[in-house]
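Trainee: Quick note, the sequences are listed as chains F and V, same order. Quick note: the first sequence uses this note's numbering, first residue 34, plus one each step. Quick note: the second sequence uses this note's numbering, first residue 18, plus one each step.
No lab work stands behind these hints, which were simulated from the structure alone. Note that beta-carbon positions come from the ideal geometry of N, C-alpha and C, so glycine has one too. Heads up, some of the hints might be wrong.
[To be verified] Calculated from the model, a selection of chain F residues having no Cβ within reach of chain V, i.e. all distances over 12 Å: (1) A51; (2) D142; (3) S198.
[Claimed, not checked] To give an idea of the interface, some chain F residues facing chain V are shown, with a C-beta separation under 7 Å as derived from the structure: (4) K65; (5) L182; (6) G183; (7) H186.
So the chains spell out like this:
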Amino acid sequence: MVTLDLLELRERLNAVNALISFNGPLTEGLIKDLGEAVRHYLEQDSGSRAQVMDVFSVFIEQTQNIRQYAASRAADAAEQRHLSSAICVISPDQGHYLVSSGNWVRREDASGLTAHLERLRGLDGEGLKRLYKEVLRAPAGEGATTAGLGLIHMARKSRRPLDYSFQESPPGGPEGCVFFSLQAVV
Amino acid sequence: MADLHLEASDTTPEITLDGEQGFLEVRGESYPENALELYQPVVRKVAEILGGDCAAFGIRVDLAYLNTSSVKALMDILDLAEESRKRGTAVEVEWVYDRENDRSREMAEELREDIDLPFRLIPVTR
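Hey, can you work out the whole structure from these sequences and the hints?
Mentor: Here it is in structure tokens:
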């Protein structure tokens, strides 16, 4: 019988004061329920109403992006489940909240994602607003998708340029995938 | 008699569309996973109404939160309305927001910047 050292797992999360964390396959219902919990906890915690909505909105965009990615890229139900599995952590940091998520992406998708994120990192508030409006008005299907709009929204809400990384799959981990992590400071 | 009436759900707004009376009302919050699925019939019906002999059309938005795909869908509707106004239909937009909801007001202000329509912001206390 495998015994999980739950205390050890918990200590890892407590070490960053994780307000809310989730690890597993994301579903539409789960995103809604977690989102409600996020709003509820933040309302208790401190945040101005605007900050609560900003954290909530970034959480929704991050998780819905993952679901959208999985739906569009998965070859079958098993891959959909694999690609829609995520780890999400929201933790406080000096008056702000780190809103982070991690999920598997196909290796061939990493460069496109990198290009998009690097472009966003290079834009200031005005530049991001202009890009957001441009993508908003673009005919559906042309250029960036609404996942692109979601990333721009996150970048606008984040106090720092969006932080991201790609990590190789560990030995025994899924092949053909890299682990994508994204963090916004809201 | 409404052409379209969708009850609100946890993540979707109440949507009422009436071609005869000439109005669209969207009320609540909007963050469905698939906004296209929800809004496409609305966009189609609005296009139909505005393409007919509609003299006046009012759009009333009362949304505390929209995910980006909902904003995109709403933009599609506002674009249709703007086109229709150029052709002579009297269209106007009302955006209702809770006085304490800065984000809703800001979104309305930002959308209003690029839409050539009478666009009123109406703060309410809730």
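Trainee: Next, verify each hint and record whether it holds.
Mentor: Each hint, compared with the structure:
no.	hint	verdict
1	A51	holds (23 Å)
2	D142	holds (20 Å)
3	S198	holds (23 Å)
4	K65	holds (5 Å)
5	L182	holds (4 Å)
6	G183	holds (5 Å)
7	H186	holds (5 Å)
Comparing the model with each earlier hint shows no violations; every hint is respected.
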